[in-house]
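Student: Construct the complete structure from the given sequences, taking the supplied hints into account.
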Amino acid sequence: MDNNSEQKPSNFGIHRPKENPNKGGSLSEFLPQLENYSPTIPDAVTCYYMNSSGLNCADPRIVRLISIAAQKFISDVANDALQHCKTKSSANPNVNKNQKDKDGKNPKDKKFTLTVDDLAPALNENYGIKTTQMKYLT
Amino acid sequence: MKRKHWGEFKEKQDDVELAKKLEMDRQIIFEKRSELKILHSSVYFEPKENRIQLSHKNPAVNQIVGLKQKQELIQELIDTSQNDVYTFQQILPGLNSTLEVFPTKIVTPKVNDKLNCFISTIQNDFTTGKPKNIQKKVNKKCVDLALRKSICGLLRITDFTDITESALQLMTDSVDHFYKSLMESIVNVLNFDDRDTETDIDIMTFEKAFFNLMNESSTVFLNYFKNEIYLKNQQVATEFTEKVAELKKVVNDNSHQNLLINEIQHSEFSTNSQFYIKEEVKQEYDDYEDEA
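Chains as they are written, first to last, in UniProt numbering: chain D, 1 to 138; chain W, 1 to 292.
Simulated from the structure, these hints should not be mistaken for laboratory data. The beta-carbon is built from N, C-alpha and C at its ideal position, and this holds for glycine as well. Errors might be hidden in some of the hints.
[Claimed, not checked] Cβ-to-Cβ under 7 Å is the rule here; a few derived chain W residues that face chain D:
(1) 28
(2) 30
(3) 31
(4) 138
(5) 178
(6) 179
(7) 181
(8) 206
(9) 221
[What the hints assert, rightly or not] Straight-line distance between alpha carbons at most 25 Å, and here's what the computed BS3-like set of lysine-lysine pairs gives:
(10) 249/W x 68/W
(11) 149/W x 180/W
(12) 110/D x 232/W
(13) 130/D x 149/W
Tutor: Set out below in structure tokens:
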């Protein structure tokens, strides 16, 4: 009996576990505040893709959400590519010639150039976008 | 008098010159034609009335990009002060006036630290989701150009300074692929819910579609804006103010040194005027005196 009393009553999956507060606010609360979070991608661009897929872009909140999703995608890919670039340059200091380490400057002032070599693995690993070089006809 | 007959054969030398001239003309025409083709193919050939201006209106991103560009310029000035003193002394008078323009504190867009449920939203057309017609209809070329600009701005935030043309093209294509995949996912969700004929999207449809595609909820957008845009903006603003303070210090030090040098030179000039006369000039002056 003691064991049974200690057991919590089964809720048949009705009550969900509490969400991690660091993970983000609820979407219904976030939606009205989207007005303050304007994305860099213009709404007209998102509308173009929605219209080309036969979807209506009348609701400005949905348009904005999709724009933000695309912006987040770009930022995530860029962050991954930066990690690749940093790893590569630390492994081989001669790869990125723009770096100013030789001059003895602050590492914060390093210059990074995004190339296909850094971008392709970032796209391939996390998003499944594979890039292959053109096969030349000989 | 030399007769000229109609239809007579010209001399060989003339033919060669004419052929050369014709060849050159042909080359020029070919170059002009190719230039015109490029102009026709570009969007910029559109007349002003037909051009569409799209605004990339995130103030935080725009501010970060602007501040980083200025910060680079300031860093270059500081480096010049250390490496090339002579050049720095020459631009010093102009710098004194420009430094006054820089603000001591930079205002950044505020982040809401409170929980969302405590913030009362103002009822307006946006919050109620009132349908809005977007007047600007763009074509694929415009879309690509807008995406390229947005990508460059966002790359600047993530500490990239340059991008190769091929990488930019790949990035644009991948964003295009992302958009198309998301749209496909939305259409799939609508089909799955037996709403095939509907074209309006609600928030739950988007959430389902986004989760299917990216395997994460769209609630992460809030944290993305807070951590990656606004906090970054604050960091860049503080870095910028530090750099400006550093440059001001360098300018002050150099102008102080300048004053000291001027004082020394002035005193020496007043006591011994011949000190500044170069040897050659002095020789010429002596010769002139001898002649006189």
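Student: Are the hints correct? Go through all of them and say.
Tutor: Now the hints, each set against the structure:
1. Below 7 Å, beta-carbon pairs count as interface contacts, and residue 28/W has none with chain D, the closest being about 34 Å; its hint is therefore violated.
2. Checking residue 30/W against chain D: minimum C-beta separation of about 28 Å lies over 7 Å; hint violated.
3. Contact between residue 31/W and chain D, as hinted, is not supported at the beta carbon level, the nearest pair being about 29 Å apart and thus beyond 7 Å.
4. Given hint, residue 138/W at the interface with chain D, holds; its Cβ is 5 Å from that chain's nearest Cβ, closer than 7 Å.
5. This hint holds: residue 178/W has a C-beta 5 Å from the nearest C-beta of chain D, less than the 7 Å allowed.
6. Given the 7 Å rule on beta carbons, the hint for residue 179/W holds: about 4 Å separates it from the nearest Cβ of chain D.
7. Proximity of residue 181/W to chain D is violated relative to the hint, the smallest CB-CB distance being about 9 Å (cut-off 7 Å).
8. For residue 206/W, the interface hint holds, since its Cβ comes within 7 Å of a Cβ in chain D; the closest pair sits about 6 Å apart.
9. Interface hint at residue 221/W: satisfied, since its Cβ lies 5 Å from the closest Cβ of chain D, which is below the 7 Å cut-off.
10. Between residue 249/W and residue 68/W the alpha-carbon distance is near 20 Å, which keeps this suggested pair within the 25 Å criterion.
11. For a cut-off of 25 Å, the pair hint linking residue 149/W to residue 180/W stands: about 19 Å separates their Cα positions.
12. A hinted pair counts as satisfied when its Cα atoms are at most 25 Å apart, and residue 110/D with residue 232/W qualifies at roughly 17 Å.
13. As the CA atoms of residue 130/D and residue 149/W are separated by approximately 24 Å, the hinted pair is consistent with the 25 Å bound.
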